[in-house]
Amino acid sequence: MTAWMIETVVLAVGGVGPAILLAARGRPVQRLVGLQVGTVSVTVLLMLFAQSQHQSSYLIVPLVLVVLSFVGTLVFTRLTGPKP
Amino acid sequence: MSGVTAAVAVGLSAAGVLVIVACAVLALVTNDLYARLHFLSPMTSLGAPLVTLGLAVSSGWSLTAGQLLLTGALLLVTGPGLEVAIGRTAAQQDGIEPLESPE
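For the protein sequence lines, the chains are D and Z, in the order given.
Note that this note's numbering gives residue 75 to position 64 of the first sequence, counting from 1, and the numbers run on in steps of one.
Note that this note's numbering gives residue 20 to position 5 of the second sequence, counting from 1, and the numbers run on in steps of one.
Do not take every clue at face value.
[Claimed, not checked] Quick list of simulated restraints, FRET-style, between CB atoms:
#1 E112(Z) x I17(D): 18 to 28 Å
#2 T45(Z) x P39(D): 10 to 20 Å
#3 T20(Z) x K94(D): 22 to 32 Å
[Said to hold, decoys possible] Which residues of chain Z face chain D? A few of them, derived with a C-beta cut under 7 Å, are:
#4 L27
#5 S60
#6 V66
#7 L68
#8 V99
[Stated by the list, open to error] These stretches of chain Z come out as covered by chain D in the derived footprint (C-beta under 8 Å, 3 or more residues):
#9 30-39
#10 42-52
#11 102-113
I should point out that these hints are in silico values taken from the structure, not numbers from a laboratory.
Note that the structure is a prediction, hence the values are computed from the model and not measured.
Think of the CB as a built atom: it goes at the ideal place given N, C-alpha and C, for glycine as much as any other residue.
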């Protein structure tokens, strides 16, 4: 098991785990914090996984995830915001 | 890749992973929403760039490193904006921030 794979596993447990718990509790706007934590954790996790597998073609996934999550999170903030 | 380069790459990425995990756990144990938002900033501004730099050092001067750096740069740029958006939405719901006036 390489260092990259060890870091991938650590991030999967220590980053994605708390993100799921944060996104599962509280008001909708509080769950957005979990969404953002999960996005960052999964993006970095995918980059580390691509490196561990020596497959640079996998790197398109975290790149697309960053862009889509930015737009998606903004949509969620708009939808969970108070209606005027 | 030489031993020094590999050690630097692994060290940078390990430091970044530690920052991300620490911020995630601290955000989990914190009860206040606004305090949780403070822990998001180091994840996108320090943790993710450290991991990105470590992976780029490991990849060497190549298109792979360019793609890695682009992903890290996007995380670095979009993170604070999202945190502000979430904080502003929460403040509007709590009545701290006034709602946007209709145009």
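- Violated hints - listed by number, lowest first: 1, 3, 4, 5, 7 and 8
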